[in-house]
Amino acid sequence: MAKTTLKRVHGYLAEFESASDVYHASEKIRDAGFQRWDVHSPFPIHGLNEAMGVKRSSLPFFVFFGGATGTLTAFLLAFITQVEIYPTVVQAKPANIFTTPAFFPIMFELTILFSAFTTLFGCFAFMGLPRLNHPLFASKQFKKFSDDGFFICIEARDPKFHQAETKALLEEIGGKNIELVEDEL
Amino acid sequence: MAHSATASSEAPAKPRILEREPLVLNNRSYAWITNRICGIVENRQPALWWWLFVPSVFLTGIMVFGFVYLISTGVGVWGQKQPVAWAWDITNFVFWIGIGHAGTLISAILFLTRQKWRTAVNRASEAMTLFAVMCAGLYPAFHVGRVWMVWFLAPVPNANAVWQNFKSPLLWDVFAVSTYFTVSVLFWYLGLVPDLATLRDRCKAGIKKTLYGIFALGWRGGNRQWNHYEMAYLLLAALSTPLVLSVHSVVSFDFATSVVPGWHTTIFPPYFVAGAIFGGFAMVLTLMIPVRAIYGLHDLITEKHIDNMAKIILLTGTIVGYAYCMELFMAYYSSSKYEGDAFLLRTLYGPSVWTYYAMFFCNVIAPQLFWFKWARKSLLWVLVVSMFVNAGMWYERYVIIVTTLERHFMPGSWRTFDATWVDNWTFIGTFGFFLMNFLLFLRFLPVIAIAEVKGVVPQSNPHHDDHVERGVHELQPGVFGNPELPNKA
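Those sequence lines, one after another, are chains A and B. Those letters in the first sequence? Residues 3 to 187, per our numbering, in order. Those letters in the second sequence? Residues 9 to 497, per our numbering, in order.
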């Protein structure tokens, strides 16, 4: 039996010439009311969030709790072991609640450590990484994004997506090499 | 001057806007930047790479031999004895950990202060940080004597259910250094992800592509990703900044919380931090000037970068000089007999007086050359001063640790320290280990942060063209780095 490959449209990919072009094109797509689309560029373009209407990352909110967990962990680790279960008296230094300042360096370090881990893993989670493949990687031209290419991809999942109209919009705002990217099912 | 103020007498003179030197010379394109940096990884290495790599592997072998010999024979093969129990091990530990600090300073503090020139040097100096901390970590591990017991440092109860002493600066040190290393790795890796994707997209299918692909995590450079990425980078920079200041402060607490004369001063934390940045920048220059020449990175690491780093060396060197003088002043002003004697022994009649003057010359006198522009512009002089600083910072730790311990409270226990051949070769071996790691880094990973450098070239500003259209460039010549306009007066 011959193998049939089912394909699903992922979206339209269009190339733009410069950071400036892609910036102005983004403003137009934003104003057209698209939601599921993205700009792919070799470096973060300053101010593009506003041009795309993307909200500021909420990562700091989570990192705060990560850091607070670190502080608490360090305090409990030091306090429980030094004061509660095994009071270590070295050089006649007492072991009680008033020795807490001696735990500050470790509380500080673990705050940073836990925050850093929350930042990295939180960031990957928000970015949807790691993933081994992505429909866009099927596009031959897309790999230019990591060199000097600027791309806009409007996904088919977007409620406003319309095969002909979206293509026309991308052409109108100056997109080149417009390509329909498909995803194998 | 190409665009001096030519305002007529009627119109008020427009304020002249100071131009910045371009961060990437010769208006290089994105593709040029990618090719030049990825080319280092993709092309064959120059012969010099092999000439450095083979000896450094050999030296690494000597380091490993030194440690194996130590474990199999006993800690007595190192020269330390009472009262100089810390000897070279802690000297070398503090020396190496200090080297690492410039990397984090460049990547974190200069990032927070929006110093965009950092982009060309941050990747290599972060790598340098990691390798230096690896070298540093070996010393305390072996200094404990029975190295197989080094897990006693981890916060788990040992065989007698005795927990670590959380009130001890030595345990703070364990936490500080291991946190520092871990956070540096995370920071470095996050910065690498977009560049690994660049390497992935340039490779032909094969094992290299697979490996770069795995480590690039499927990066697609989408702005929704960059949004979180930039926030994460900012957060890690904000976290690393107090971290880097705390690590060397904690290292200094190892000394400052003791009662040993010559160590027991509150100036230690800022003094150590400034010294670490000082020594670290010298090492960055020592590594980057040859890398720039060998791989032809003159357009990316410009004279401006070297000039800036030389200025930081001048600043931190002068802070260190101030700390040396302040130590002497405190010894005099405290009227503490022991403190005063400690410094008289260091500077006038101790057995290792010459190391104090070697330190003072290398760290305080030599960098003063950087007040002169010609010295900052000359690669040879920058390299010479950096070498002096590298040596001087080692002497500083030697002076603090060894010369202080040689002459303790009780004259009856005074003994002079002599390094053994194992001390010497193990230390030389760590340089081989450091260099080997750095050379492997050059071979397999992009030495300059590609994505970040692309972000600082003028055409990356999305409003770059707008201003040209509106003619704003007539008012602000060169500010936006328009290639048609002369950038420098």
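Note that these hints are calculated values from the structure, not bench results. We put the beta carbon where it would ideally sit given N, CA and C, even for glycine. Among the clues, some could well be false.
Claimed, not checked - Calculated cross-link-like contacts (lysine-lysine; reagent style DSBU-like; alpha-carbon spacing at most 35 angstroms): (1) LYS95(A) / LYS178(A); (2) LYS142(A) / LYS217(B); (3) LYS319(B) / LYS146(A); (4) LYS217(B) / LYS169(A); (5) LYS169(A) / LYS212(B); (6) LYS345(B) / LYS142(A); (7) LYS124(B) / LYS145(A); (8) LYS178(A) / LYS124(B); (9) LYS216(B) / LYS146(A); (10) LYS212(B) / LYS9(A); (11) LYS5(A) / LYS216(B); (12) LYS345(B) / LYS146(A); (13) LYS57(A) / LYS385(B); (14) LYS385(B) / LYS145(A); (15) LYS178(A) / LYS312(B); (16) LYS217(B) / LYS178(A); (17) LYS319(B) / LYS217(B); (18) LYS385(B) / LYS5(A); (19) LYS217(B) / LYS57(A); (20) LYS9(A) / LYS319(B); (21) LYS145(A) / LYS212(B); (22) LYS178(A) / LYS212(B); (23) LYS216(B) / LYS142(A); (24) LYS217(B) / LYS5(A); (25) LYS89(B) / LYS146(A); (26) LYS124(B) / LYS95(A); (27) LYS217(B) / LYS145(A); (28) LYS212(B) / LYS142(A); (29) LYS216(B) / LYS145(A); (30) LYS9(A) / LYS217(B); (31) LYS30(A) / LYS124(B); (32) LYS124(B) / LYS142(A); (33) LYS95(A) / LYS319(B).
As the list claims (entries may be wrong) - Here are the in silico distance ranges between beta carbons for each label pair: (34) PHE66(B) / GLU186(A): 47 to 53 angstroms; (35) LEU56(B) / HIS164(A): 47 to 53 angstroms; (36) LEU352(B) / THR102(A): 36 to 42 angstroms; (37) LYS216(B) / ILE87(A): 47 to 53 angstroms; (38) PHE380(B) / ILE99(A): 52 to 58 angstroms; (39) PHE160(B) / VAL91(A): 16 to 22 angstroms; (40) GLN93(A) / SER344(B): 56 to 62 angstroms.
Do the hints match the structure? See the list:
no.: 1; hint: LYS95(A) / LYS178(A); in the structure: 73 angstroms, violated
no.: 2; hint: LYS142(A) / LYS217(B); in the structure: 16 angstroms, holds
no.: 3; hint: LYS319(B) / LYS146(A); in the structure: 39 angstroms, violated
no.: 4; hint: LYS217(B) / LYS169(A); in the structure: 33 angstroms, holds
no.: 5; hint: LYS169(A) / LYS212(B); in the structure: 31 angstroms, holds
no.: 6; hint: LYS345(B) / LYS142(A); in the structure: 77 angstroms, violated
no.: 7; hint: LYS124(B) / LYS145(A); in the structure: 27 angstroms, holds
no.: 8; hint: LYS178(A) / LYS124(B); in the structure: 32 angstroms, holds
no.: 9; hint: LYS216(B) / LYS146(A); in the structure: 19 angstroms, holds
no.: 10; hint: LYS212(B) / LYS9(A); in the structure: 26 angstroms, holds
no.: 11; hint: LYS5(A) / LYS216(B); in the structure: 31 angstroms, holds
no.: 12; hint: LYS345(B) / LYS146(A); in the structure: 70 angstroms, violated
no.: 13; hint: LYS57(A) / LYS385(B); in the structure: 45 angstroms, violated
no.: 14; hint: LYS385(B) / LYS145(A); in the structure: 40 angstroms, violated
no.: 15; hint: LYS178(A) / LYS312(B); in the structure: 38 angstroms, violated
no.: 16; hint: LYS217(B) / LYS178(A); in the structure: 28 angstroms, holds
no.: 17; hint: LYS319(B) / LYS217(B); in the structure: 41 angstroms, violated
no.: 18; hint: LYS385(B) / LYS5(A); in the structure: 68 angstroms, violated
no.: 19; hint: LYS217(B) / LYS57(A); in the structure: 34 angstroms, holds
no.: 20; hint: LYS9(A) / LYS319(B); in the structure: 60 angstroms, violated
no.: 21; hint: LYS145(A) / LYS212(B); in the structure: 12 angstroms, holds
no.: 22; hint: LYS178(A) / LYS212(B); in the structure: 26 angstroms, holds
no.: 23; hint: LYS216(B) / LYS142(A); in the structure: 19 angstroms, holds
no.: 24; hint: LYS217(B) / LYS5(A); in the structure: 29 angstroms, holds
no.: 25; hint: LYS89(B) / LYS146(A); in the structure: 62 angstroms, violated
no.: 26; hint: LYS124(B) / LYS95(A); in the structure: 48 angstroms, violated
no.: 27; hint: LYS217(B) / LYS145(A); in the structure: 13 angstroms, holds
no.: 28; hint: LYS212(B) / LYS142(A); in the structure: 13 angstroms, holds
no.: 29; hint: LYS216(B) / LYS145(A); in the structure: 16 angstroms, holds
no.: 30; hint: LYS9(A) / LYS217(B); in the structure: 26 angstroms, holds
no.: 31; hint: LYS30(A) / LYS124(B); in the structure: 30 angstroms, holds
no.: 32; hint: LYS124(B) / LYS142(A); in the structure: 33 angstroms, holds
no.: 33; hint: LYS95(A) / LYS319(B); in the structure: 44 angstroms, violated
no.: 34; hint: PHE66(B) / GLU186(A): 47 to 53 angstroms; in the structure: 52 angstroms, holds
no.: 35; hint: LEU56(B) / HIS164(A): 47 to 53 angstroms; in the structure: 59 angstroms, violated
no.: 36; hint: LEU352(B) / THR102(A): 36 to 42 angstroms; in the structure: 39 angstroms, holds
no.: 37; hint: LYS216(B) / ILE87(A): 47 to 53 angstroms; in the structure: 52 angstroms, holds
no.: 38; hint: PHE380(B) / ILE99(A): 52 to 58 angstroms; in the structure: 57 angstroms, holds
no.: 39; hint: PHE160(B) / VAL91(A): 16 to 22 angstroms; in the structure: 18 angstroms, holds
no.: 40; hint: GLN93(A) / SER344(B): 56 to 62 angstroms; in the structure: 21 angstroms, violated
The structure fails to meet hints 1, 3, 6, 12, 13, 14, 15, 17, 18, 20, 25, 26, 33, 35 and 40 from the earlier list, while all remaining hints are met.
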